[in-house]
Each structure stands twice: as structure tokens, then as C-alpha cells.
Amino acid sequence: MTGIIALYIFMLAAFTGYEVISRVPVILHTPLMSGSNFVHGIVLVGAMVALGNAHTPLEKTIGFIGVLLAAGNVVGGYVSTERMLEMFKTSQDKRKGGQA
Amino acid sequence: MSASASLTHELIQAAYFIAALLFIIGLKRMSSPKGARGGIVWAGIGMLIAGLITFLSPGMRNDILIIVAIFVGGVAAWWSGKRVPMTAMPQMVALYNGMGGGAAAAIACQELVHGRPFAPAPVVLAVAGAIIGAVSFSGSLIAFAKLQGLISRSLRYGAQQAVNSLVLLATLALGGWIVARHGAAPLSVVAAFFALALLEGILITLPIGGADMPVVISLYNACTGLAVAFEGFVLGNAAMIIAGMVVGAAGTLLTQLMARAMNRSLANVLFSNFGETAAAAGEVTGSLKPIEAPDAAVMMAYASKVIVVPGYGMAVAQAQHKIWELCQLLMDRGVTVRFAIHPVAGRMPGHMNVLLAEAGVPYDLISDLDEINAEFETADVALIIGANDVVNPAARADKSSPIYGMPILNADKAKNVIVIKRGKGAGFSGIENALFYLDNTRMLYGDAQKAGAELIQAVKALE
Numbered sequence: 001m002t003g004i005i006a007l008y009i010f011m012l013a014a015f016t017g018y019e020v021i022s023r024v025p026v027i028l029h030t031p032l033m034s035g036s037n038f039v040h041g042i043v044l045v046g047a048m049v050a051l052g053n054a055h056t057p058l059e060k061t062i063g064f065i066g067v068l069l070a071a072g073n074v075v076g077g078y079v080s081t082e083r084m085l086e087m088f089k090t091s092q093d094k095r096k097g098g099q100a
Numbered sequence: 001m002s003a004s005a006s007l008t009h010e011l012i013q014a015a016y017f018i019a020a021l022l023f024i025i026g027l028k029r030m031s032s033p034k035g036a037r038g039g040i041v042w043a044g045i046g047m048l049i050a051g052l053i054t055f056l057s058p059g060m061r062n063d064i065l066i067i068v069a070i071f072v073g074g075v076a077a078w079w080s081g082k083r084v085p086m087t088a089m090p091q092m093v094a095l096y097n098g099m100g101g102g103a104a105a106a107i108a109c110q111e112l113v114h115g116r117p118f119a120p121a122p123v124v125l126a127v128a129g130a131i132i133g134a135v136s137f138s139g140s141l142i143a144f145a146k147l148q149g150l151i152s153r154s155l156r157y158g159a160q161q162a163v164n165s166l167v168l169l170a171t172l173a174l175g176g177w178i179v180a181r182h183g184a185a186p187l188s189v190v191a192a193f194f195a196l197a198l199l200e201g202i203l204i205t206l207p208i209g210g211a212d213m214p215v216v217i218s219l220y221n222a223c224t225g226l227a228v229a230f231e232g233f234v235l236g237n238a239a240m241i242i243a244g245m246v247v248g249a250a251g252t253l254l255t256q257l258m259a260r261a262m263n264r265s266l267a268n269v270l271f272s273n274f275g276e277t278a279a280a281a282g283e284v285t286g287s288l289k290p291i292e293a294p295d296a297a298v299m300m301a302y303a304s305k306v307i308v309v310p311g312y313g314m315a316v317a318q319a320q321h322k323i324w325e326l327c328q329l330l331m332d333r334g335v336t337v338r339f340a341i342h343p344v345a346g347r348m349p350g351h352m353n354v355l356l357a358e359a360g361v362p363y364d365l366i367s368d369l370d371e372i373n374a375e376f377e378t379a380d381v382a383l384i385i386g387a388n389d390v391v392n393p394a395a396r397a398d399k400s401s402p403i404y405g406m407p408i409l410n411a412d413k414a415k416n417v418i419v420i421k422r423g424k425g426a427g428f429s430g431i432e433n434a435l436f437y438l439d440n441t442r443m444l445y446g447d448a449q450k451a452g453a454e455l456i457q458a459v460k461a462l463e
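The listed protein sequences correspond, in order, to chains A and B.
Going by the working numbering, the letters in the first sequence line up with residues 1 to 100, in that order.
Going by the working numbering, the letters in the second sequence line up with residues 1 to 463, in that order.
Please note that the accuracy of each hint is not assured.
[Said to hold, decoys possible] Think about it this way: if two alpha-carbon atoms lie no more than 27 Å apart in a straight line, the pair counts; the simulated BS3-like pairs of lysine-lysine are:
#	chain 1	residue 1	chain 2	residue 2
1	B	Lys289	B	Lys450
2	B	Lys399	B	Lys450
3	B	Lys305	B	Lys399
4	B	Lys415	B	Lys460
5	B	Lys82	A	Lys89
6	B	Lys450	B	Lys460
7	A	Lys89	B	Lys415
8	A	Lys89	B	Lys34
9	A	Lys89	B	Lys305
10	B	Lys413	B	Lys399
11	B	Lys289	B	Lys82
12	B	Lys82	B	Lys305
These are computed hints drawn from the structure, not numbers from a lab.
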């Protein structure tokens with residue numbers, strides 16, 4: 001990837017992030033922080049590549065720690081976000097749930 | 001590149017593209033309560049695709065090690081994430097976020113330990129990502145420890161800012177050296193560089209008080225995103241750049257929103273010692289007028305509109321279920337009940353909504369500050385439970401008050417105010433609350449859970 005293409009990606013992604021969040025109601029801020037926390041768990045992919053290319057024991061150790069931490073980020077981020085969002089229901093949802 | 005290797009490469013790139021798309025759609029869906037649950041599932045599918053396809057990357061070794069690391073880290077996070085009570089969610093977000101920052105730093109560390117020469121742009125971003133990721137890692141761990149109650153006091157000393165600046169300068173100097181050597185620096189320099197970056201994260205976070213911690217956690221969330229994007233550039237991975245940058249921007253915006261809701265600038269949060277110097281201000285005249293549960297119950301049962309203002313005190317007492325039960329009784333009697341949530345109620349913006357949702361309160365009964373503030377004038381009773389500074393009218397009127405200018409819920413405009421409170425102590429900021437001394441305010445002393453149960457009994461007795 002050339003530097004200038006990467007620069008475009010940096011810029012467009014930054015605006016995307018800003019726009020996507022700017023319309024979020026306050027009631028969702030905590031789950032959203034947790035959700036965005038999950039999204040940067042994509043670092044797992046990089047950590048896997050790093051460990052996958054490790055040769056010496058030192059490199060393997062560092063790579064292992066990286067994948068371990070990244071996996072914690074991914075799974076923890078998913079579980080906590082999902083638990084929070086699952087609870088958001090309207091009065092109507094509740095009534096429907098009661099009849100079912 | 002052979003035909004099959006080229007195909008694999010295309011396949012991997014396509015999978016990363018789909019993952020990035022799913023992340024953005026997922027985040028977008030999380031912006032409304034209706035689609036929010038689906039949002040995290042979409043993002044989750046994206047993550048699964050990206051993770052699985054990475055095993056096909058050219059030259060991948062150590063498959064077993066990778067699987068073991070994912071398994072151990074994943075199971076530990078799954079176990080803790082499922083068990084943690086909703087009140088402790090903010091510190092868990094901090095913990096998981098810190099792990100992401102640590103992973104980004106580990107990627108940089110491994111690249112630098114490798115010792116192969118870098119081009120100028122990648123080495124700058126690798127080093128920058130390493131600093132940001134390492135600070136986010138150690139800082140988030142301190143934030144976790146503080147909110148979890150493992151560290152109870154905030155470490156402050158005279159030359160603190162000077163020491164922090166010095167450590168930061170030293171970190172940058174070593175980083176600069178590594179950049180100047182195109183990433184081929186001696187192992188000892190790399191080790192010292194990371195040690196200093198980790199130390200800086202600890203030093204910055206230690207003096208910050210518990211009340212400001214949500215802003216800091218949000219900031220570190222944005223930092224991790226940025227570090228991930230930088231390391232993504234080093235690895236030539238577009239999915240990491242996009243996802244990391246989206247989170248970096250979103251997290252920055254979220255941090256600003258939080259700081260504004262608390263009437264604090266980010267610089268103020270990071271570099272000032274709020275809560276220790278502020279306690280002196282705020283003389284209040286008048287007296288506290290107690291009320292018993294049966295009288296408070298009558299007041300609410302015969303009201304036409306009750307607005308409940310919950311604070312973190314309610315969550316600590318685990319009283320949200322009792323309060324919701326009370327509200328349902330009132331609604332059965334024809335009383336209009338609304339919940340008013342201050343942006344910083346709980347420990348993070350939106351935290352209180354999560355806690356109420358856990359108790360089963362439908363979100364259409366919950367209003368935020370802008371929606372509800374005009375309605376207090378038409379309310380017969382404002383019921384304050386475990387909230388303090390966010391309803392202190394001094395923020396509107398008293399220029400000498402440290403919280404002057406902070407947006408508050410205008411509970412004092414209601415015809416009657418009932419405050420459920422454990423004791424006579426001041427709020428998180430250490431400021432006396434003028435609301436408690438108003439003529440139309442009554443204090444219902446006691447644990448929120450017990451007071452809620454008494455109110456339920458009393459309302460039931462009215463049938």
C-alpha cells in the first residue's frame with residue numbers, strides 16, 4: 001500500500017467514525033464505547049500475523065502476548081457490548097414479550 | 001507470485017474489506033436502540049471472517065501457538081465478561097480496551113525487536129503507535145484498578161507534572177533514536193523505550209480522580225483505536241487502518257461529549273486536581289427537612305406526574321429493581337412516571353440507562369437532560385435517588401461554586417422534591433447541595449434499597 005493511499009484511508013475513516021457517532025443518543029453512549037472497543041479488537045488480525053512471522057523465542061513470546069491480549073479485547077468487548085444492548089427494550093417490546 | 005498465491009491474496013483482501021464494511025454498518029446500527037443488538041452481531045461476524053481468513057496469510061507459522069493464545073485470552077475474557085455485574089461494566093470496558101492497546105504495542109515491539117530496517121513512514125507510525133498503545137495499556141489497567149477499588153487514593157505530589165513531562169520527553173527521545181536508526185536499534189534501547197512508555201501511562205493516570213475516570217477510559221479507547229490504525233499501516237493491513245481510525249475518531253468525539261457534559265475540559269481532567277481543592281466552596285443556608293416513607297408514598301401516589309432522577313448511589317445500593325417496582329405501582333394508579341438521566345449519571349454517559357434497562361425499565365420512559373428539563377415545572381414530585389451534584393442548583397446560580405456552569409437537571413423546579421439519601425454527606429465533588437435545603441425538599445434518609453421497599457409497602461397499603 002502506498003503512503004498516499006493510506007493517507008486517504010486514514011482521512012476517510014476518521015470522518016466516517018466522527019459521522020457515525022455524532023447521531024448517537026446519550027442513552028447508548030456506554031454500549032457504544034464498549035462496541036467501538038470491540039471494533040478495535042481487529043488488532044487481533046495484526047497480532048496473528050506478527051506471531052505467524054515470529055522466529056526467535058523472544059519474538060514468539062512477544063507475539064504470543066499480543067495475540068492473547070487482542071483475543072481478550074475481541075471476546076470481552078463482544079460479550080460486554082452484547083449483554084448491555086440485549087437489555088434495551090421499549091414498553092411495546094415488553095408487552096409483546098408478555099403475550100408470547 | 002504464483003496464480004494460487006495471488007488468489008489467496010485477493011481472497012484475504014476481500015475478506016478484510018467485508019470485515020471493515022460490517023464494522024461500520026455495525027457501529028451505525030448501534031446508534032439507535034432498535035437496531036443496536038443487531039449492530040454488535042454484524043460487527044462480530046466481520047471479526048470472525050477477518051480472524052479466520054488471517055490463517056491463510058502467506059508464510060504463517062506457529063499456528064498452534066496462535067490458537068492457544070486466542071483460546072486462553074478468549075476464554076478468560078468470556079468468563080469475566082459474562083460474570084461481571086452491570087455496575088462494574090465501566091472498569092471492564094477499560095480492561096478490555098487496555099488489552100487492545102497492549103496488543104498494538106506488542107505488534108510494534110515485535111517488529112522493532114525483529115531489527116529489519118524500515119522505510120521512514122512505517123517506522124514513525126510504528127513508534128508512535130507503540131507509545132500510544134503502551135500508554136493506553138498501562139493507563140487502562142490503572143483506571144480499572146481505581147474503579148474496581150484496588151487503588152483507593154489518587155497519588156499526587158509537588159513536581160508531578162514535571163516528572164510526567166520528563167518521562168514523556170525521555171520516551172520520545174528514545175523513540176526518536178529508534179526512528180533515526182530506521183528501526184534497527186539495539187534490544188536494550190527498545191526495551192527501555194517500552195518500559196518508559198508503560199511507566200508514562202501509569203504516571204498520567206494515577207493522579208486522576210474516580211469522578212473523571214469515564215473521560216479517561218473513553219480517551220484511552222480512542223488512543224487504542226489510533227494505535228491499531230498506525231500498526232495497521234506498518235503491516236499494510238487496510239482493515240486495521242479503517243477500524244482503528246473509525247474508533248479513534250468516534251472515541252475522540254465521545255470523549256469530548258463526556259467532558260462537556262461534566263463541564264470540564266480534557267486538559268482540566270488530565271492536569272488538574274479536581275475534588276481536593278474544591279471542597280471549601282459552597283455555603284448553604286436553611287435546614288434539612290426529613291420525611292418518613294409513608295408520607296412520601298402518599299405524596300407520589302396522589303401526584304399526576306413523578307420524575308425519577310437516579311444517580312450512581314441507587315446503583316451501588318442495587319435499588320433499581322425496587323424503584324422500578326415502585327414506579328409500576330404508581331403507573332397502575334394512573335401516575336405519569338418518567339426517568340430523567342443526567343449525561344454523567346452513573347460512571348459513564350449512558351451507564352445509568354444500562355442499569356435501568358437491566359432492571360427492566362423500558363427506554364421510552366427514560367429521557368435525557370435536554371428532553372426532560374422543561375418538564376420539571378409540570379411535575380408534582382421529583383424523586384432523587386442517590387444523585388447529588390447533577391441536581392445542585394448552585395451550578396446554575398452560584399458563580400463561586402466549582403460546578404458552576406455544569407448542565408444540571410432542574411429538579412428544584414418541581415412542586416415537591418423527595419431525596420432518598422444514605423446520610424448527610426456531600427456529593428462526589430465534595431460540594432454541599434443547595435437543593436436539599438429548599439423549602440419544597442424533603443429528605444428520606446436510608447439505604448435506597450430499603451427506602452424503596454418501604455415506599456412500595458406504603459403505596460400498596462393505600463389500595
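### Message
Of the numbered hints stated earlier in the document, which are not met by this structure?
### Response
Violated hints (numbers, rising): 2, 3, 7, 11 and 12; every other hint is consistent with the structure.
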